[in-house]
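Student: The chain contents come next:
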Amino acid sequence: MLKLLFGICVFALCSASLTAQEAFSRQDAVTQSGVQEGLCLVNTMHITASVFINDDERGLHQDYDKWLEALAPHEPTSQYQHNRTGEDNADAHMKRQIMGREVVVAISAGKLDFGPWEQIFYGEFDGRRAKRVLIKVLGD
Amino acid sequence: MLKLLFGICVFALCSASLTAQEAFSRQDAVTQSGVQEGLCLVNTMHITASVFINDDERGLHQDYDKWLEALAPHEPTSQYQHNRTGEDNADAHMKRQIMGREVVVAISAGKLDFGPWEQIFYGEFDGRRAKRVLIKVLGD
Amino acid sequence: MLKLLFGICVFALCSASLTAQEAFSRQDAVTQSGVQEGLCLVNTMHITASVFINDDERGLHQDYDKWLEALAPHEPTSQYQHNRTGEDNADAHMKRQIMGREVVVAISAGKLDFGPWEQIFYGEFDGRRAKRVLIKVLGD
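Protein chains in written order, with my numbering: chain W, 186 to 325; chain D, 186 to 325; chain U, 186 to 325.
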């Protein structure tokens, strides 16, 4: 039988940057779904944010912040057409493309099948809204 | 019962850039499949193009074009080994890596489960061919 | 009936760069699974590496190497907080974000449903470990 789980997590962030990202294990959702073998999709529902997999190391997260700011600077905000709409977050739409919208993780024997250092993170590049993450589990 | 849909969309583009991207709702494919809960994969079948999710805002698309050109300039074409094969599109292979090949979207209650501003786009960085997008729906 | 395949490939790499990447067709895994219509996830299990889809062209791979080094330089290693932990691979964590962790490929009529030039590659940006790739097939 195919079993599915749909979940949305809502959480507020205290900062506009990756340093405020929250690691979350989606093992709870997988366990609730009862799926033993399958796929788990985790995506941000916001277009200035990212769900990605990397290391749970604070220095690295600071490096990401600095690096993304160099590749897509927030200032001057006038350099972006998008900001003429009354927004000032065009850079966040770019940072999110580099870091990615979603991850798809295998479920094996009822668990998220991670490599040794893999963890799922939420990266927020705008920071003005409470954010939601969608989790969808598909499998047997 | 597991239901699946396989679809390929073919369309021609009038421009080599993101400004020519075409937003498309894949809701039609999902509705045809009859899947209520599942996953929908949408990917470009071309290696100098991208399928990505972001905002339907013309200024932002112009910003992406300019930003990608700065990160992976087309000129001088001689800076890329790949262009010695007779191609001049090495930069397009790089732009595509930043923007991504595919998206995976949850299907909930028979609909693509989007956040408030999420839309699927096709980004073309070479522009010399009619392009195809593959849609695959998997679920229950 | 839902059929699933779980596979991990272990292989060692002779170089720290994309030029050492190994193309691999995952058709073997798909054939073994017996899945005719479905999805195939292929992801690296390491956070300084990438699984991506692009062209099997040596010059392009050299271009990627040079381009990624310009976007996220290895030297000076002291520019990254992460390297204060005793590592010197912060740049590899960034390169991997640009190239991506995973690909999801449709399976149609028992085969990986690729566009004309699509091939799956493993990109290694650190190079100090034998690497593993996870393959998960889900479908009917």
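Simulated from the structure, these hints should not be mistaken for lab results. Do not take every clue at face value.
Taking lysine-lysine and the BS3-like style, the derived pairs with C-alpha atoms no more than 27 Å apart in a straight line are [as the list claims (entries may be wrong)]: (1) K251/D <-> K296/U; (2) K296/U <-> K251/W; (3) K251/D <-> K251/W.
Facing chain D, from chain W, some residues (calculated, C-beta under 7 Å) [what the hints assert, rightly or not]: (4) L226; (5) M230; (6) H231; (7) R243; (8) Q266; (9) H267; (10) M279; (11) L297; (12) P301; (13) W302; (14) L319.
A few chain W residues facing chain U, derived, Cβ under 7 Å [as the list claims (entries may be wrong)]: (15) L224; (16) L245; (17) D248; (18) W252; (19) T270; (20) I283; (21) M284; (22) V289.
Positions of the beta carbon are idealized from the N, C-alpha and C atoms, including for glycine.
Student: Honestly, which of those hints from before does the structure not fit?
Tutor: Checked against the structure, the hints that fail are numbers 1, 2, 7, 11, 12, 13 and 19, while the rest are satisfied.
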